[in-house]
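*Asks:* Chains X and Z are the protein sequences, given in the same order. This note's numbering puts the first sequence at residues 1 to 306. This note's numbering puts the second sequence at residues 307 to 376.
Careful: at least some of the hints might be erroneous.
To be verified - Cut-off 30 Å, straight-line C-alpha distance, at most; resulting in silico cross-link-like pairs (DSSO-like, lysine-lysine):
| id | chain 1 | residue 1 | chain 2 | residue 2 |
| --- | --- | --- | --- | --- |
| 1 | Z | 316 | X | 264 |
| 2 | X | 295 | X | 129 |
| 3 | X | 14 | X | 277 |
| 4 | X | 279 | X | 144 |
| 5 | X | 14 | X | 29 |
| 6 | Z | 316 | X | 174 |
| 7 | X | 178 | Z | 316 |
| 8 | X | 261 | X | 9 |
| 9 | X | 289 | X | 261 |
| 10 | Z | 316 | X | 39 |
| 11 | X | 39 | X | 261 |
| 12 | X | 277 | X | 144 |
No lab work stands behind these hints, which were simulated from the structure alone.
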Amino acid sequence: MQTVSNLQKMLDEKNCHAKSFRMARDRLKQNNVPNLKLKLISDRKTDGRIYNQPTVSEVAALIVGDVDSAARRDIIMERQSGRLERIDEFHPAYLAYQYPLLFPYGEDGYRDDVLHRGVVHGNISKMDKLTIREWLTFRLQSRKNESMVILCSRRLFQQFLVDCFTMMEADRLKWLRKNQSKLRVGKYRSLTKNQQNVNSQSTKQGKRVVLPSSYVGGPRYMDQLYFDGMAISSSVGFPDLFITFTCNPNWPEIQRFCGPKHLKPHDRPDIIARVFKIKFDELLNDLTKNHVLGKVIACKLIYLPF
Amino acid sequence: MFAFSSPGFKVDKGIEPGRGPPTIRIQGQSCHRMGSMIPVAGKTPKFAQLYIFDTENELQNRIQGLRYEQ
């Protein structure tokens, strides 16, 4: 009870989103305006590369009457309605709304118009922009001059990670969906033919989206791995060794890191993944370069994390 | 408890709690959603509504919301 009220006080003082909702509360109390709306603004004027604290006037606006100028990603909060409105993944406050304790000041999340360092404004190509993956990996590093709020929050951190991954995945899938013609999906002709035979009510049928083999985890990706494996087998013979390499959370490297911070190994999946990757690379190095088990003719990797 | 938005997942309930780290598996597309400023009559305030509606009993509402979810 005490903790809750303390945290509450902290958010009220520091978090700009909490402040903006409080502003709405005060306005609702003052006078009974029938159609008051809260607009949660997504466009920012400040430079996204610098740690700028968003201010209340920048993140929200109270509007009486109809909203006329709304950008694509703005959220309009109605006064009273039963339905839930979806937040765009690229609303800059997407993560700050969901995890106020991880972003106590209401810091902005990823924005899609941030440029890399050293890029001059003017002719900007796609490669000069920050991707969501880059932003997330930047956030997930521990730094000496920054407190490790996100990294030490244990279960909330895990939820945060899953959420971040789904954000990234949603972005990739969106790109694939929008660029089907670029991916030359049309050449999968037999597939579309099959479809035409079956369908009788074409209006009810959705549009088929084909995931290319570069989409990790998709069926075409798996098929490709399988075909590669079979091709190797047919040219150099069947494999002699089938090696399974698993991760042990009691590895001294992981324990050494998590012990002093009173964290369980599963609270830091990033560290586990990193240690595993290092060890895995070493194993491969031993086998293929150092020839611990004799000369290796062919080696096929099937990498299945977790 | 303090979040302003509501996460929407399809949770896979087929996972048995066993040894090892706690697991929650979700399927399909996830999203975050946000409701209106005042809850529908008869419903308890949730998420951002906690910051706006019925703030005299805010602490109670927050703790109650957590218990209900469990």
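*Asks:* It remains to establish, for every hint, whether it holds in the given structure.
*Replies:* Evaluated hints:
1. Z/316 with X/264: Holds: residue 316 of chain Z and residue 264 of chain X sit about 27 Å apart, inside 30 Å.
2. X/295 with X/129: Given that 30 Å is the threshold and the Cα spacing comes to 45 Å, the pair is violated.
3. X/14 with X/277: Distance ~39 Å between residue 14 of chain X and residue 277 of chain X Cα, so the pair is violated.
4. X/279 with X/144: Status holds; Cα separation ~26 Å.
5. X/14 with X/29: 22 Å, holds
6. Z/316 with X/174: Distance ~19 Å between residue 316 of chain Z and residue 174 of chain X Cα, so the pair holds.
7. X/178 with Z/316: 24 Å, holds
8. X/261 with X/9: The hint holds at about 27 Å.
9. X/289 with X/261: 37 Å, violated
10. Z/316 with X/39: Within the cut-off at roughly 28 Å; holds.
11. X/39 with X/261: Violated, at about 41 Å.
12. X/277 with X/144: Holds, at roughly 24 Å.
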